[in-house]
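*Asks:* Sequence:
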Amino acid sequence: MRSFILIGLFMQVLLLNQAYAEQKSNNDNLRIIALAPHAVEMLYALGAGKNIVGTVEYADYPEAAKTIRRIGNYAGIQIEQLVALKPDLIVAWKSGNRAEDLAKIESLGFPIYYTSPQTINEVFTDLANLGEKTGQINEAKEIVAELKTEYSKIKQRYNNKRKVKVFYQLWHDPTRTIGKDSWINSMIEDCNGINIFSDTDAGYPLVAFETVVVKNPEVIIIPHHSGEQGAKVDIWKKWQEVDAVKNDRLSVLNGDLLHRFSPRAIEGLSKLCGAIDTAR
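Letter by letter, the sequence shown follows residues 1 to 280 of the working numbering.
It cannot be assumed that every hint is accurate.
What the hints assert, rightly or not - Below are the PhoX-like pairs computed for lysine-lysine, each with C-alpha atoms no more than 25 Å apart in a straight line:
id, residue 1, residue 2
1, K165, K94
2, K165, K141
3, K165, K153
4, K66, K94
5, K161, K232
6, K180, K153
7, K215, K232
8, K148, K161
9, K271, K165
If you are wondering where the hints come from, they were derived from the structure by calculation, not from laboratory data.
Starting from the given sequences, assemble the full structure and let the hints guide the process.
*Replies:* Next comes the structure, spelled out in structure tokens:
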């Protein structure tokens, strides 16, 4: 009797191992198209970067991502090339990809996962979901647990500190900033800062320079990419009555760390909070 039980257990283990091997093989052969830079970063963080067969311009992190075939940009997705790549999964950005392109892709029947986080907690959700879809469940759990720990530490560090008025200069000509429902606004709140345009319903409103001066921010945050820094900072030199200018609290920060909804957003949050903290 005991031998039959042992044989039964052995067969169960054998079947489980076989199922696991088949699943692993399927995941290794998974073909993914990632239609946003942050989606590429998420997939690489999960260990699924090797499965990406197509992406868009500006998907440049990590270094290995630069070799992925480009099938689109801000102007749209090349649908014929997408179809030719025969993806098993498409990770799309609902608010970043063209609605017409997404509708066409959906009509073709490809499996799509949409990622459009508005908060860092939603990044954790996307990582967990993508972990399931790519078979990287354990990796996702480890990454999310680690990121949540760092996120909690940052929030606790600034939670009881004085609130600071912040102007986020998304662009300088024309002057564009961020409203209350934006991703960056949630990050500023995590630092216990106050976005001086948080009373604005628009996500990324154009604002008059004079209005910024009247609101008198204590800190000005200027995100930049390569080659953009000079003009964004120089326009403030004549506005010495602004608290942030008078006290030299204009912080130029890496735009990719701040604007991409990826695991690196935790690093961006840490730098943002540090810049805001200079006013305390």
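*Asks:* If a hint holds in the structure, say so; if it does not, say that too.
*Replies:* Tested hints:
no. : hint        : verdict
1   : K165 - K94  : 31 Å, violated
2   : K165 - K141 : 36 Å, violated
3   : K165 - K153 : 22 Å, holds
4   : K66 - K94   : 23 Å, holds
5   : K161 - K232 : 29 Å, violated
6   : K180 - K153 : 24 Å, holds
7   : K215 - K232 : 19 Å, holds
8   : K148 - K161 : 21 Å, holds
9   : K271 - K165 : 16 Å, holds
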